[in-house]
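Residue numbers (numbering that gives the first Met the number 0), protein chains in the order written: chain A, 0 to 173; chain B, 0 to 621.
The hints are simulated quantities; they were obtained by calculation from the structure and are not laboratory data.
As the structure is a computational prediction, the values presented were derived from the model and not from experiment.
Hints may be right or wrong, so weigh each one.
To be verified - Below, in silico cross-link-like pairs of lysine-lysine (DSS-like), each with a Cα-Cα straight-line distance of 25 angstroms or less:
#1 A/K66 with B/K319
#2 A/K128 with A/K153
#3 B/K300 with B/K319
#4 B/K220 with A/K66
#5 A/K128 with A/K66
#6 A/K153 with A/K66
#7 A/K66 with B/K318
#8 B/K300 with B/K94
#9 B/K319 with A/K128
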Amino acid sequence: MINFQQNHFELFGLPQRYHLDLALMERAYRSIQSQVHPDRFVHASDAERRASMQSATQVNEAYRTLKSRLARARYLLALQSVDVADESNTAMPAEFLLQQMQWRESVEEAANQPEALAELGERLALEMKDRYAELERRLDGERDYALAAESVRKLMFLERLREEIGDALERADA
Amino acid sequence: MALLQIAEPGMSRAPHQHRLAVGIDLGTTNSLVATVRSGIAVVLNDADARALLPSVVRYFPGGATAVGYPAQAELACDPRNTIVSVKRFMGRGLKDVAYAENCPYDFLDTPGMVQLRTCAGVKSPVEISAEILRALRERAEASLAGELVGAVITVPAYFDDAQRQATKDAARLAGLDVLRLLNEPTAAAIAYGLDNAAEGVYAVFDLGGGTFDISILRLSKGVFEVLATNGDAALGGDDFDHRVFCWIVEQARPAPLSDEDTRLLLTAAREAKEHLSAHSEARITARLGTGELIDVTLPLKTFAEVTRALVQKTIAPVKKALRDAGLAVEEVNGVVMVGGATRMPQIQQAVAELFRQAPLNNLDPDKVVALGAAIQADVLAGNRAAGDDWLLLDVIPLSLGLETMGGLVERVIPRNSTIPYARAQEFTTFKDGQTAMAIHVVQGERELVSDCRSLARFELRGFPPMVAGAARIRVSYQVDADGLLSVSAREATSGVEAAVAVKPSYGLSDAQIAQMLQDSITHSGDDAQARALNELRVEAERMLEAAAAALAADADLLAAQELADIRAALDALAAVASGSERRAITAALERVNQVTEPFAARRMDRSIHLALTGKKLEDMNI
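Bound-form chain A, shown alone (with noise of 0.2 angstroms):
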């Protein structure tokens, strides 16, 4: 089965960086997972079924993880010994938290108003893409990893914003 021992870059054969070619990690996933699912021991032992079933497990897991850019984010900090959340209590900067009131407000007033909601995502869209473009910077180029942490904070505030604005219109779309 899988060696449980790697982590998810080294499962899939890429590179332990930010940067990720997610055609290729697709490829090595459906490679390795077509060896090892379930769906190829259904006559094997007990013990192969369940080496199978958690080899499969540990395999998804690793690719949920890398598809997500926040999550493959955290995990390289984590890789590092940074934990995001364990700096929570690190005070976000003022402007930032300024900046988000007023799109919570923003997300507030447009409630019911779909194309209202669809701006505001797409400027949302804007905003996400430069910080992501940000935090591939501080993590594969100046590897500093303190501010990356800081980066994934604040994109943690704005994927929960955009989920919100995506519930918001799903309500006004009802």
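Model the placement of chain B on the given structure of chain A, informed by the hints.
Chain B alone, transformed into the frame defined by chain A:
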């Protein structure tokens, strides 16, 4: 056996080793069984060349049963003992059953799952479903002239854990070995995808007799990947029948209806619905038990109006599934229609508008699920050559969580996670000296426990008293490839553990199921034993051959002592393999399995390593 599977790459089994496996579509209204014969998936008909088995079971005093057409024919005569649409009751309590008041059954509101009092005694939906499955198993065994190695049984993608577990138990009760529970839209996608060599993103819109599923899949060479699924486990053709029934009653205003007349008019409503798939109006005539004559005409337009709300109920799940898949409607390459209820013109139209393209109707919507299940059963039974098979990646439809303080749900595994999947979460105590913790497992998307489905409760007891917040209780959720959940909990500082396989409570324990199964199998004594012995011998032979091949290829992976152990175990197996001592062969096989396990794992590592480094990833076909 891992050894077997990697020992023979690219080799198919000899034809005489073809294993009989079937796919079963256990539907709300009709059920089917299909298999792959000479490489082609076919539905197995009954002796009268009919493909469908109406999902109807009639009980007689004394316990005899009739299943399918004979039961359906007598439906209006004995409504109380003739059970239709039992799938709607699987894994459901009485309060969850829609229109229970319109069902002529004598329900027992038993905890976990409702039961029905019949003239043959109290029956659970699991037992009733098992009657249907047994009829299909017998049909398949007669048609294929042999015993089945197993079956793939389909379930609505949106079935929760309790409904899946109930389905699996019903199959066991019917004497079927379940190779896999397969989601209905995924089964349809397999049949459609292989038939049409489809690539890209497809939506499967599956409106059956009692359930609605929408699945978004990405089809590419050798992989069927479910991106997201959504639906409504209590929406289907039955509800359209019910709307028409209500319309008939409003129009004709008959005297209060008896159970028999209710059943009669529901049947008339269903026939009118089916007629309207190809006609612009349907005439409904029925002579009630009171002598009163019902004679009304339902225009298609009116039918669409009275069912508009039902059609609307399919829209939100589609949008949610697209959102979870992270896709816009334009990115969907095709929409495959599945389930008899998609024949209704208003459904066709709504889907076309929603997806801005004409839906695909080129497969028989009644059969496509069973055919897909048969194809997957063929793969799981090992009848296809390596390289000529595919990988199926499915998801869980509903989030799994547990109850925390204040009746809130803490999500542990989010919906649409690819299975198998596992996740652990740590919790702590909130009182000083607390030595036990109650764990309540729930499924659903809502914030409050009371709005979610309760799957199981268990307690972790006996960890040492500590100050509040000091205990570290790790709760682990594991969802297997059938989408079934098991949960375990462990207090980290003391190592105290508790585990539970999440099972719906419907009055039947595992032991009772085993006993009922035992009782239902006709003991053909020596015959069965001879066959079992024969199968064991064949398995032993295969194991010996596979192990020899594996050792020839990869013996360098073993230390000297390991190699000696394996050889000793193989010699022991060879010594008993041709004898008639079943227990000795089983024990020797077990021993071989045990000592070759690390070897198999290392061979797997090597083959993965080769797969990843031996060739460029770009060149791989997967």
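Against the structure, the hints:
Using a Cα cut-off of 25 angstroms, the hinted pair A/K66 and B/K319 holds, with the two alpha carbons roughly 20 angstroms apart. About 13 angstroms separates the Cα atoms of A/K128 and A/K153, which keeps this hinted pair within 25 angstroms; it holds. A distance of roughly 29 angstroms separates the Cα atoms of B/K300 and B/K319; the hinted pair therefore is violated under the 25 angstroms criterion. For a cut-off of 25 angstroms, the pair hint linking B/K220 to A/K66 stands: about 21 angstroms separates their Cα positions.
Annotation: proposed proximity of A/K128 to A/K66 holds, straight-line Cα distance about 16 angstroms (limit 25 angstroms). Only pairs whose Cα atoms come within 25 angstroms are accepted, and A/K153 paired with A/K66 is accepted, the gap being roughly 19 angstroms. Taking the CA atoms of A/K66 and B/K318, the gap is about 22 angstroms. The hint holds against a cut of 25 angstroms. Between B/K300 and B/K94 the alpha-carbon distance is near 33 angstroms, which puts this suggested pair outside the 25 angstroms criterion.
The suggested pairing of B/K319 with A/K128 holds, with an alpha-carbon distance near 24 angstroms, which does not exceed 25 angstroms.
When held up to the earlier numbered hints, the structure conflicts with 3 and 8 and fits the remainder.
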